[in-house]
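2 protein chains.
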Amino acid sequence: MRDVAIVAAGMTPFGELWHASLRDLCVEAAMEALKNAKTDQVDALFVGNMSGGQFVGQEHLGPLFADQLGMSGVAAMRVESACASGGTALRAAFAEIASGLSETALVVGVEKMTDATDVTEILATAADQENEVYHGITFPGLYALIARAHMQAYGTTEEDLSWVSVKNHKQGALNPKAQFRREVTVEEVMSSSMVSDPLRLLHCSPVSDGAAAVLLCPLKEAKKYTDRPVKILASGLATDSMALADRRELASLDAVERSARKAYKMAGMGPQNMQVAEVHDCFAIAEICCVEALGLVEKGKAGSAARTGYTALGGCIPVNTSGGLKSKGHPVGATGVAQAIEIFEQLREEAGERQVEGARIGLTQNMGGSGASSVVHIFQKV
Amino acid sequence: MRDVAIVAAGMTPFGELWHASLRDLCVEAAMEALKNAKTDQVDALFVGNMSGGQFVGQEHLGPLFADQLGMSGVAAMRVESACASGGTALRAAFAEIASGLSETALVVGVEKMTDATDVTEILATAADQENEVYHGITFPGLYALIARAHMQAYGTTEEDLSWVSVKNHKQGALNPKAQFRREVTVEEVMSSSMVSDPLRLLHCSPVSDGAAAVLLCPLKEAKKYTDRPVKILASGLATDSMALADRRELASLDAVERSARKAYKMAGMGPQNMQVAEVHDCFAIAEICCVEALGLVEKGKAGSAARTGYTALGGCIPVNTSGGLKSKGHPVGATGVAQAIEIFEQLREEAGERQVEGARIGLTQNMGGSGASSVVHIFQKV
Chain B
1 MRDVAIVAAG
11 MTPFGELWHA
21 SLRDLCVEAA
31 MEALKNAKTD
41 QVDALFVGNM
51 SGGQFVGQEH
61 LGPLFADQLG
71 MSGVAAMRVE
81 SACASGGTAL
91 RAAFAEIASG
101 LSETALVVGV
111 EKMTDATDVT
121 EILATAADQE
131 NEVYHGITFP
141 GLYALIARAH
151 MQAYGTTEED
161 LSWVSVKNHK
171 QGALNPKAQF
181 RREVTVEEVM
191 SSSMVSDPLR
201 LLHCSPVSDG
211 AAAVLLCPLK
221 EAKKYTDRPV
231 KILASGLATD
241 SMALADRREL
251 ASLDAVERSA
261 RKAYKMAGMG
271 PQNMQVAEVH
281 DCFAIAEICC
291 VEALGLVEKG
301 KAGSAARTGY
311 TALGGCIPVN
321 TSGGLKSKGH
331 PVGATGVAQA
341 IEIFEQLREE
351 AGERQVEGAR
361 IGLTQNMGGS
371 GASSVVHIFQ
381 KV
Chain G
1 MRDVAIVAAG
11 MTPFGELWHA
21 SLRDLCVEAA
31 MEALKNAKTD
41 QVDALFVGNM
51 SGGQFVGQEH
61 LGPLFADQLG
71 MSGVAAMRVE
81 SACASGGTAL
91 RAAFAEIASG
101 LSETALVVGV
111 EKMTDATDVT
121 EILATAADQE
131 NEVYHGITFP
141 GLYALIARAH
151 MQAYGTTEED
161 LSWVSVKNHK
171 QGALNPKAQF
181 RREVTVEEVM
191 SSSMVSDPLR
201 LLHCSPVSDG
211 AAAVLLCPLK
221 EAKKYTDRPV
231 KILASGLATD
241 SMALADRREL
251 ASLDAVERSA
261 RKAYKMAGMG
271 PQNMQVAEVH
281 DCFAIAEICC
291 VEALGLVEKG
301 KAGSAARTGY
311 TALGGCIPVN
321 TSGGLKSKGH
331 PVGATGVAQA
341 IEIFEQLREE
351 AGERQVEGAR
361 IGLTQNMGGS
371 GASSVVHIFQ
381 KV
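For the record, the sequence lines run as chains B and G. According to the numbering used here, the first sequence is numbered sequentially starting from 1. According to the numbering used here, the second sequence is numbered sequentially starting from 1.
There may be inaccurate statements among the hints.
Same chains, same label: a pair holds when it works inside one copy or across any pair of copies.
[Said to hold, decoys possible] With a cut-off of at most 20 Å between alpha-carbon atoms, the simulated DMTMM-like pairs for lysine to aspartate or glutamate come out as follows:
(1) LYS35 to GLU221
(2) LYS262 to GLU103
(3) LYS262 to ASP43
(4) LYS170 to GLU183
(5) LYS265 to ASP43
(6) LYS265 to GLU103
(7) LYS231 to GLU357
(8) LYS223 to GLU349
(9) LYS224 to ASP43
These are calculated hints, taken from the structure and not from any lab test.
Please model the entire structure based on the sequences and the hints provided.
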């Protein structure tokens, strides 16, 4: 298997981008990545997108985007794994380069959500349609069940949940691309509207538009495009039962643990080697469960990790320095690629005020549905 | 790059399968493939599906199907490239095995179309939404434009188109899995209802439900699963402009030609080496344009190929011995995988009454939209 590197990145701001269509967003992010790599051609294009069909009536995004980027002819495909579509597209592109099928692959994660009126229902098509959605539950409800289970099992409190949002907003305030570039207090979080008990509005990531792109090539060719490539050490992809009712227990996310185990094994490393991590905080409880499943915080003890600063910028293992899905925004198909960009910038020492000093190894974890799919990548400064 | 083989296959009948849901279809095809390989576990699952979200309200098919197959935990993803989703999922699985990321990969192509009432509109989300669909055109209209252009450029006639349907129905009549297992006469085709001039009902593939599955592993491990593996010699994936208006010319399908060129180069072969081919006959004109773009018939001369028997069973290069999309049916995400199964069976001498004697090398070509994406695979008897 050939070593693979990320050599360039591009990203739109995340937010309610009324001026931009799905294809506009793709072009903006992709062109920035290509410009940074000083190239205008690639062999293959991988699109991470959850539901262009339902959100804006457009499937078949591989050839459409190749066309819009002036590279019609290249190999192209769309990869979907709900909110893990971006990270999973990165995995598919990694395989394409590692296998030798292509010499360069552009990964574009993108979602245009704000044009749709029934976003919660569209997102719910990523849950089990027959066994969950049919009965009326959507993702805030599913994650509320996970939160209640974690509270019951480990004594996690509503205040613990709220500190995740406080931390991520504080970090996102330093990110020029973030949708909500402002801090919030724990009191503001705890007095925001109840969405699905115990999850309040400020425990939930927003509805967003946005795109993120990275360019991959074999590590040994990376110097053609940049003097600071970042090596993809490992890719771990795994699943869990779709319906929460079939899980071993509600307070654990086994797909995350499995994907992490695969990635750590491939990298020959463990959680103790990670210096910065972007994890899937679609709801505050998700970050808590994910950092436990990744082994970054001991099982059952992540409730207090944000409050104590253990997972904050300056702490033992800074999590979601970008602001995470909560503050940066969550255009679902773009999220996994945007996570990779944050780690790419951290390892290149380009993260500005969010920089984790001396970071040489970092991790991304991107999740689909209520944890039915998860993909972990580990990156290393070269 | 490791050599990759197909070692087992499974497939539902194609048709209006009112008794079966999307997940039922997946399970039936996948379990048959696993049973044939005498295994119940794989490392990775690749799902080819165009639009579970729009057709039946279900995205995130990777973990859902892994769950339904009792293999929750495995790596899984859905790949979409409109009607080329199945062939493109096969390509992604090929990269996964070739790279060494996984040792076994199950590819399931599936679509459940007959539960939806607005199938033509859903399919049209695979065309250019802003520049084509907005103006009211759907795929029968787009392919009618291609047909008229081919008629004008090369003198192709409505009777030529009709012979494609006659040939494919004759061959499909021999296929126990085909949706329309009966022959039609050229008179019947030419007197069927006009859908979009010059395309009549019997020039069009039907709306179908169905699933098809193949199991991949490294060639050197293939004997664990079968004594008759089929090697995947090459995979070529390419694109063209999304909107017909941007094409070099309407009567040529450049994505097909590009994907074929890549595959022939990778296999170290040319069209003259192919002994049997499954090509994307979503409309009769598509088969005509595709066999030309693949180089199986000289450019501009495919109009008469079905009529003269050149592309029929017993002819120089039998095309769509399965019955093709026209007679076998076209559950869009399943089609590309079903094409691979037909060639797999041909090269294993398991095609029964449809057997091409002595076939050792065969090709599949699966297309998305009006030819914006195309994927070609070349297979060899081991």
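Structure-based check of each hint:
no.	hint	result
1	LYS35 to GLU221	within (17 Å within a copy, 43 Å between copies)
2	LYS262 to GLU103	between (25 Å within a copy, 14 Å between copies)
3	LYS262 to ASP43	between (28 Å within a copy, 11 Å between copies)
4	LYS170 to GLU183	within (5 Å within a copy, 69 Å between copies)
5	LYS265 to ASP43	between (30 Å within a copy, 15 Å between copies)
6	LYS265 to GLU103	between (26 Å within a copy, 16 Å between copies)
7	LYS231 to GLU357	within (19 Å within a copy, 50 Å between copies)
8	LYS223 to GLU349	within (18 Å within a copy, 50 Å between copies)
9	LYS224 to ASP43	within (15 Å within a copy, 34 Å between copies)
Every hint, counting from the list given before, is met by this structure.
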